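*Asks:* Chains A and B, in that order, are what the protein sequence lines are.
Just so you know, we're using my numbering here: the first sequence kicks off at 1 and counts up by one.
Just so you know, we're using my numbering here: the second sequence kicks off at 261 and counts up by one.
Hints were generated in silico from the structure; no laboratory data involved.
Treat the numbers as computed from the prediction; the structure is a model and nothing was measured.
Any given hint could turn out to be false.
[Said to hold, decoys possible] Here are the computed distance ranges between Cβ atoms for each label pair:
#1 A:Gly196 to B:Ala479: 50 to 58 Å
#2 B:Leu375 to A:His214: 57 to 65 Å
#3 A:Ala184 to B:Val603: 41 to 49 Å
#4 A:Glu130 to B:Arg639: 51 to 59 Å
#5 B:Ile373 to A:Asn73: 57 to 65 Å
#6 A:Ala184 to B:Ala332: 37 to 45 Å
#7 A:Lys154 to B:Val378: 36 to 44 Å
#8 A:Lys154 to B:Ala332: 24 to 32 Å
#9 A:Pro95 to B:Ser503: 50 to 58 Å
#10 B:Asn490 to A:Lys154: 48 to 56 Å
#11 A:Arg192 to B:Val603: 27 to 35 Å
Built from N, CA and C at the ideal position, the CB exists for glycine as well.
Listed here are the chains, written in short residue letters.
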Amino acid sequence: MVLDVRGLTMDFGGLRAVDHVDLQINDGEIVALIGPNGAGKTTFFNCVTGMYTPTAGSVTIQKPGTDPRTITNMRPHLITAQGLARTFQNIRLFPEMTVLENVMIGRDCRLRAGILGAIFRDKRTRAEEEQVVLDAYRALEIVGIGKWANETAKNLPYGAQRKLEIARALATEPFLVLLDEPAAGMNPQETRDLVGLIRRLRSEHNLSIFLIEHDMSLVMTLSERIYVMDYGKLIAVGNPAEVRKNPAVIKAYLGEDVSA
Amino acid sequence: MSDTAQTIRPTLNRHVDFARRSLLISIWFAILTFPIMVMRADVAARSIVWRWSNLVWVIAGTFVGSWIWRVALERKKNGGGNPSGPGSRGIAAVRARIAILTRQRHFTLGSFIVLAVVIGIFPFAGGMWQTNVMITALLYVVLGLGLNIIIGLGGMLHIGYIAFYALGAYSYALLNQQFGLNFWMALPVGALIGGVASLLIGIPVLRLRGDYLAIVTLAFAEITRLVLENWADVTGGTAGIRSIPRPTIPGMRMTLPQTTVFIYFTMIALVVFTIFVVRRLENSRIGRQFVAMKEDVIAAQAMGVNVAKTKLTALGLGGVWAGMAGVVFAARTTFINPASFSVWESIIVLCTVVLGGMGSIPGVIVGALVLILVPEYLRAFVQFRMLLFGAILVTMMVFRPGGIIQKRRRAYTISSVEKQQAVTESGDLSIEG
Ligand SMILES: Nc1ncnc2c1ncn2[C@@H]1O[C@H](COP(=O)(O)OP(=O)(O)O)[C@@H](O)[C@H]1O
Ligand SMILES: [Mg+2]
Chain A
1 MVLDVRGLTM
11 DFGGLRAVDH
21 VDLQINDGEI
31 VALIGPNGAG
41 KTTFFNCVTG
51 MYTPTAGSVT
61 IQKPGTDPRT
71 ITNMRPHLIT
81 AQGLARTFQN
91 IRLFPEMTVL
101 ENVMIGRDCR
111 LRAGILGAIF
121 RDKRTRAEEE
131 QVVLDAYRAL
141 EIVGIGKWAN
151 ETAKNLPYGA
161 QRKLEIARAL
171 ATEPFLVLLD
181 EPAAGMNPQE
191 TRDLVGLIRR
201 LRSEHNLSIF
211 LIEHDMSLVM
221 TLSERIYVMD
231 YGKLIAVGNP
241 AEVRKNPAVI
251 KAYLGEDVSA
Chain B
261 MSDTAQTIRP
271 TLNRHVDFAR
281 RSLLISIWFA
291 ILTFPIMVMR
301 ADVAARSIVW
311 RWSNLVWVIA
321 GTFVGSWIWR
331 VALERKKNGG
341 GNPSGPGSRG
351 IAAVRARIAI
361 LTRQRHFTLG
371 SFIVLAVVIG
381 IFPFAGGMWQ
391 TNVMITALLY
401 VVLGLGLNII
411 IGLGGMLHIG
421 YIAFYALGAY
431 SYALLNQQFG
441 LNFWMALPVG
451 ALIGGVASLL
461 IGIPVLRLRG
471 DYLAIVTLAF
481 AEITRLVLEN
491 WADVTGGTAG
501 IRSIPRPTIP
511 GMRMTLPQTT
521 VFIYFTMIAL
531 VVFTIFVVRR
541 LENSRIGRQF
551 VAMKEDVIAA
561 QAMGVNVAKT
571 KLTALGLGGV
581 WAGMAGVVFA
591 ARTTFINPAS
601 FSVWESIIVL
611 CTVVLGGMGS
621 IPGVIVGALV
631 LILVPEYLRA
641 FVQFRMLLFG
651 AILVTMMVFR
661 PGGIIQKRRR
671 AYTISSVEKQ
681 QAVTESGDLS
691 IEG
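Pulled out of the complex, with its shape left as it was, chain A reads as follows:
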């Protein structure tokens, strides 16, 4: 089990955005979290990745081959260093930096150079910097946007910006990647590419994937297990076939086409 969340609760003033959610992800699994808008999915991500401090509950991670670690209340950059990486629902790139530099920031938690290294540029720092460029470029090639390495990030087409976010997350060397609506705003071709990419991440790079998505066909084809949230609560868990038939899910999505 790479992620084990127990009783996670998040209150905003009087609003309970996440209500006692239990969720587990096994090594190498692709798991989806779905639910209507405002169900609390993004808030759940933010609690797991340390962006928010949850009101109650615990988050435990276990990198394959190591001991489990509780990361509740840990600061976000330390959680990232533990091997959890995420993307954002509303793309959050560093718009004025180049594509490559964006990914190099992803490498940051694996680097060691400090101020003195920057000023004196000793051998180790230089070697590290060369390696960063290569590693970052490799991450770009994985998502297929290496040709844009020196382009300013904000100038990329929308689909490529989403891919860049994934590349940046990969650069942190995660074992679990959290994708918040990765297909949002993509055209059908781009979505198909994305499905291929996510499968490849799992099969070739041994990653576990946890994604929030509204595109039901993507969720149903890609994920092995699906968690469904509504009003902050989990209302269903299961494989795609089970979830599709679940009356509570159908009710929550009243009017929306779950069987797509």
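Assemble the complex: chain A is given as a structure, and chain B with the ligands must be docked to it using the hints.
*Replies:* Using the frame of chain A, we list chain B with the ligands on its own:
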């Protein structure tokens, strides 16, 4: 055929609209300035002189100014910033040329030698007054480059920067007075004090952003000044500290002009050192962290950047340069008092960074030189100095918010062998998708 008619009609309408607005503005401005521009009390005759001709000038001047402003604004909006855009040809061409000039950043050896010679000859050819003016300008270059680490690179709007300059100056003055430390010993101590103070002030304001940070740092600068003013036993209060020794080459007696030249070259060395360090920082892991933090704090920390540490690094590094500049300042004026470190000084340094181009080293240097040298050489207009200053800044912010010389990101080269290797390792992309 009707094509031209269609483009002319809206243009005409627009200009009618401009005229109407400009007229309204000029009338408003005339009313606003009526008491000072038109009325004048003749004390001897105990009557008021009405200068109606001034009214005409005010209205005409404002009208034309406002019209030009509007046309320029619209050109900018129509893609004037982008040389290939559909903006007006003339301005676009000039812009393109400027863009090319500012793009050719790499000093060729020739221009480098010319620059070095000019810098070397300047104090001998220019005389004492010129050299002193240049020393002041160079002090602001160092201050600007230091503040640029905090604002331009780190993205923190710090308005209390001058406090660390004051700390540097007072640490030299006091250490010399009490313990007889000379300039060269005081320089690193001032740097350390500036850096540490900046860091300590940074800790409580880590969570603050934007305007809040600006207000708090502003308050801090005022507090520092007030402490210097009121802690008279140590700092000498408003009277300040006198007869601070000028820097010398140990064991050498120098005349005043010689010392001035010596300080000039010390400042040149300090500027070169600053440029060297800031450049290296920029092109390093630290520099990347700064920029990422500036562009999106949330994303930066989500990607594993320790934002608190990065902020403190920027603040500490910025403080170091203020401290050093402060030591030089105390040594060259030989007299300091709290009045030299008013918030106004902070604002000037801030302006050099903003005017020149945030985050860009040549930009900040040009900004500092323009802002310090132009007023010095335009002493004749001294009463309009502030007005001019304000007008330049507003114009800059509207038409070239990135500063005179905008920052460009560095491109990396990846060899084709390495590219090939990366492609192979990332798996063949054409199989899936
Ligand atoms: N920072 C916040 N402060 C207050 N309320 C928030 C905050 N973030 C999210 N919420 C609220 O929590 C609920 C869940 O939001 P969110 O997690 O974004 O939903 P989803 O991602 O499922 O669409 C919404 O009602 C939203 O308004
Ligand atoms: Mg959401």
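*Asks:* What are the numbers of the hints the structure violates, in ascending order?
*Replies:* As far as the earlier hints go, only 11 is violated by this structure.
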